[in-house]
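S.K.: For reference, the chains in residue letters:
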Amino acid sequence: MISVDHPIIELKGVGKKYLPDILALENIELQISKGEFVFLTGPSGSGKSTLLRMLYCAEEPTSGTVTVDGMDLSSLSISQVPQLRRKVGVIFQDFKLLYNKTVFENVALSLEVLGLKRSQLEKRVRQVIEGVGLGDKMHRKAVQLSGGEQQRVAIARAVVNRPPIILADEPTGNLDRKRTREVVALMNELNARGATIIFATHDDSLFEHSHRRLLLLEKGRLKGA
Amino acid sequence: MAFGIIFKRAVRDFRQNFVTHMMTTLVVGLTCLIFVFFSLFSFNLQQVVERFGRQLAVIVYLKKDVAQEAIPALYQRIAGLEGIESVKFVSSEEAFKRLEKFFKDEDEVLQGVDPLFLPPSFEIQINRAVYHIDRIKTIASQLSKWPEVEKVQYGRAWVDRLEAFSRVVRGAVAASAVILLLTAAFVVSNTIKLTVYARQEEIEIMRLVGGTSGFIQGPFLLAAFFQGTIGSSAAIILSFLAYRYILGMLDYTGLVRSLSLQFLPFGYTLLFVLASGLFCVAGTAVALRRFLRL
Numbered sequence: 206m207i208s209v210d211h212p213i214i215e216l217k218g219v220g221k222k223y224l225p226d227i228l229a230l231e232n233i234e235l236q237i238s239k240g241e242f243v244f245l246t247g248p249s250g251s252g253k254s255t256l257l258r259m260l261y262c263a264e265e266p267t268s269g270t271v272t273v274d275g276m277d278l279s280s281l282s283i284s285q286v287p288q289l290r291r292k293v294g295v296i297f298q299d300f301k302l303l304y305n306k307t308v309f310e311n312v313a314l315s316l317e318v319l320g321l322k323r324s325q326l327e328k329r330v331r332q333v334i335e336g337v338g339l340g341d342k343m344h345r346k347a348v349q350l351s352g353g354e355q356q357r358v359a360i361a362r363a364v365v366n367r368p369p370i371i372l373a374d375e376p377t378g379n380l381d382r383k384r385t386r387e388v389v390a391l392m393n394e395l396n397a398r399g400a401t402i403i404f405a406t407h408d409d410s411l412f413e414h415s416h417r418r419l420l421l422l423e424k425g426r427l428k429g430a
Numbered sequence: 004m005a006f007g008i009i010f011k012r013a014v015r016d017f018r019q020n021f022v023t024h025m026m027t028t029l030v031v032g033l034t035c036l037i038f039v040f041f042s043l044f045s046f047n048l049q050q051v052v053e054r055f056g057r058q059l060a061v062i063v064y065l066k067k068d069v070a071q072e073a074i075p076a077l078y079q080r081i082a083g084l085e086g087i088e089s090v091k092f093v094s095s096e097e098a099f100k101r102l103e104k105f106f107k108d109e110d111e112v113l114q115g116v117d118p119l120f121l122p123p124s125f126e127i128q129i130n131r132a133v134y135h136i137d138r139i140k141t142i143a144s145q146l147s148k149w150p151e152v153e154k155v156q157y158g159r160a161w162v163d164r165l166e167a168f169s170r171v172v173r174g175a176v177a178a179s180a181v182i183l184l185l186t187a188a189f190v191v192s193n194t195i196k197l198t199v200y201a202r203q204e205e206i207e208i209m210r211l212v213g214g215t216s217g218f219i220q221g222p223f224l225l226a227a228f229f230q231g232t233i234g235s236s237a238a239i240i241l242s243f244l245a246y247r248y249i250l251g252m253l254d255y256t257g258l259v260r261s262l263s264l265q266f267l268p269f270g271y272t273l274l275f276v277l278a279s280g281l282f283c284v285a286g287t288a289v290a291l292r293r294f295l296r297l
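Those sequence lines, one after another, are chains A and B. Positions in the first sequence are counted from 1; adding 205 to them yields the numbering used here. Positions in the second sequence are counted from 1; adding 3 to them yields the numbering used here.
Please keep in mind that the hints were generated in silico from the structure rather than gathered at the bench. Be careful, since some hints might not be right.
[Stated by the list, open to error] Taking beta-carbon pairs under 7 Å as the criterion, some of the chain B residues facing chain A (in silico):
#: 1; residue: I8
#: 2; residue: I62
#: 3; residue: Q203
#: 4; residue: E205
#: 5; residue: I208
#: 6; residue: G213
#: 7; residue: G214
#: 8; residue: F218
[Stated by the list, open to error] Pairs of lysine to aspartate or glutamate, EDC-like flavour, derived with a Cα cap of 20 Å:
#: 9; chain 1: A; residue 1: K346; chain 2: B; residue 2: E205
#: 10; chain 1: B; residue 1: K67; chain 2: B; residue 2: E126
#: 11; chain 1: A; residue 1: K306; chain 2: B; residue 2: E126
[To be verified] Far from chain B by the CB rule (all over 12 Å, computed), these chain A residues:
#: 12; residue: P212
#: 13; residue: P248
#: 14; residue: A263
#: 15; residue: S268
#: 16; residue: N305
#: 17; residue: S315
#: 18; residue: E317
#: 19; residue: E335
#: 20; residue: A363
#: 21; residue: D381
By construction, the Cβ of each residue, glycine as well, lies at the ideal position given by its N, Cα and C atoms.
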């Protein structure tokens with residue numbers, strides 16, 4: 206395991222078992238420092254999503270401890286979970302959009318939960334939507350967008366509240382080459398602004414020639430951490 | 004959490020799911036209407052009982068052998084009892100005079116009768132401020148134990164009968180309240196269940212982007228408050244209009260006029276509207292806790 210100073214994410218001896226005896230993760234030791242950009246890869250079913258889900262309290266480890274931005278997640282009360290989730294922007298593999306709502310409403314949701322003033326909220330939401338190239342479709346319903354556009358709405362929603370940590374679960378899975386490059390460029394830009402990013406993908410081309418750290422998960426075991 | 008955002012979300016939700024919300028409001032309104040009807044009946048009955056009771060005097064008949072000199076002391080003792088408005092002594096002679104007045108056309112009835120054959124008595128009026136049937140009963144039973152007292156009368160049979168009836172009505176109101184509250188709770192809970200199921204995805208997303216329990220539950224609770232207050236206000240207005248209409252129809256009958264019926268006091272209706280709103284909020288909070296597993 207690579208040891209880093211002041212890790213923003215730290216997993217110690219983390220394991221996850223599903224009943225009856227499916228081992229999703231086994232003895233994961235991982236440290237990610239603040240501002241780092243890491244790729245998480247591995248075949249389907251290797252435990253990438255499970256690992257990410259643990260980082261925003263959607264999943265509890267069966268063993269070990271998970272610490273995110275100084276918070277030991279096993280000791281978090283239910284009322285503290287929203288505080289954690291506001292620090293972690295998640296781009297979901299299945300987008301998790303509200304399809305009967307507009308692009309604007311979907312993205313604004315992340316700021317509404319913070320209780321931001323309407324004027325501030327509108328300004329920031331517009332900026333981010335324009336940033337992902339959907340400025341002209343701001344008031345379209347999510348259901349009317351293509352898969353790639355929906356993916357970009359999901360990205361906009363994850364980053365609009367400027368979280369220090371971004372977890373991207375196969376964010377380019379539905380995109381063509383051009384859009385994929387745009388998403389990676391957007392992630393690089395967010396990372397350059399200081400966000401810590403875990404980018405889960407099984408698309409080798411994204412990290413083949415990258416200088417970023419690569420985490421490889423195989424059958425629930427982490428290699429190259 | 005900014006109340007404004009929760010309010011806007013609640014209004015938006017109310018507009019988007021207008022039919023569901025209106026159906027719930029309608030059921031809450033009908034439930035409240037039944038309760039208001041019972042309350043109105045009970046309230047007026049109580050008023051009649053109290054008015055009737057207030058007009059009752061407690062009459063204390065003294066034993067014939069009570070010395071004249073003991074009367075002032077007895078008067079003071081009675082006047083000193085708690086809750087007594089006024090005391091009047093009626094001597095045997097005065098009682099006889101009243102009887103003569105009563106039989107003025109058939110004065111032969113009283114011919115040869117000893118003018119002192121009637122016992123002397125005290126007529127007591129109970130203080131209206133502390134008036135209660137139980138208070139009359141207490142005073143009467145207290146007085147009847149005095150050695151100088153022969154008998155105490157206060158129209159007990161009537162008071163008891165009216166009181167018993169009033170008790171039955173009060174019981175019916177309480178029972179109806181419980182049944183109606185349970186019905187309302189069931190309806191509200193089911194509406195919330197349906198809404199939660201319909202918006203499962205949205206709720207999950209709100210949680211994932213860091214929405215607190217307050218942010219997620221707020222619009223539901225506010226919508227429940229709207230349903231409760233709108234439903235109960237409609238019930239009050241409707242029953243008031245019905246009350247005025249029925250009263251207008253019956254106004255010419257002396258009996259109705261003598262009962263001097265009243266609508267529920269404004270303070271009570273205000274409290275009822277507020278309580279209905281809060282009850283719907285409480286029902287919704289319980290339902291949300293069950294269905295949202297917050």
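S.K.: It remains to establish, for every hint, whether it holds in the given structure.
M.R.: Each hint, compared with the structure:
1. Annotation: interface hint on I8/B holds; nearest CB of chain A at approximately 6 Å, less than 7 Å.
2. Violation of the interface hint for I62/B is found here, the shortest Cβ-Cβ separation to chain A being roughly 68 Å, above the 7 Å cut-off.
3. Look at Q203/B: its Cβ only gets to about 12 Å from chain A, farther than 7 Å, so that hint breaks.
4. Contact between E205/B and chain A, as hinted, is supported at the beta carbon level, the nearest pair being about 6 Å apart and thus within 7 Å.
5. Checking I208/B against chain A by beta carbon gives a least distance of about 5 Å; that is within 7 Å, so the hint holds.
6. At its closest, the beta carbon of G213/B sits 4 Å from a beta carbon of chain A; the interface hint therefore holds under the 7 Å criterion.
7. Here the hint on G214/B is kept, as its CB sits about 4 Å from the closest CB of chain A, short of 7 Å.
8. Against a cut-off of 7 Å between C-beta atoms, the interface hint on F218/B holds, since the closest Cβ of chain A lies about 5 Å away.
9. Distance restraint check for K346/A and E205/B: the Cα-Cα separation of roughly 15 Å lies within the 20 Å cut-off, and the hinted pair is therefore satisfied.
10. Straight-line distance between C-alpha atoms of K67/B and E126/B comes to about 16 Å, which keeps the hinted pair within the 20 Å bound.
11. With a C-alpha separation of about 79 Å, the suggested pair K306/A and E126/B falls outside the 20 Å cut-off, and the hint is violated.
12. In this structure P212/A is separated from chain B by more than 12 Å, as the shortest Cβ-Cβ distance comes to about 22 Å.
13. Distance check on P248/A: its Cβ is at least 26 Å (rounded) from any Cβ of chain B, clearing the 12 Å threshold; non-interface status holds.
14. The Cβ of A263/A sits about 7 Å from the closest Cβ of chain B, inside the 12 Å cut-off, so the non-interface label is violated.
15. Chain B leaves S268/A outside its interface by the beta-carbon criterion, the shortest separation being 24 Å against a cut-off of 12 Å.
16. The non-interface label for N305/A is inconsistent with chain B: the shortest C-beta to C-beta separation is roughly 9 Å, within 12 Å.
17. For S315/A, the condition that its CB be more than 12 Å from all CB atoms of chain B is violated, with the nearest at approximately 5 Å.
18. At roughly 6 Å from the closest C-beta of chain B, the C-beta of E317/A falls inside 12 Å, breaking its exclusion from the interface.
19. In this structure E335/A is separated from chain B by more than 12 Å, as the shortest Cβ-Cβ distance comes to about 20 Å.
20. With 12 Å as the threshold on Cβ separation, the claim that A363/A sits away from chain B is violated: the shortest Cβ distance comes to roughly 8 Å.
21. No Cβ of chain B approaches the Cβ of D381/A within 12 Å, the least distance being about 26 Å, so the stated non-interface status holds.
The structure shown violates the earlier hints numbered 2, 3, 11, 14, 16, 17, 18 and 20.
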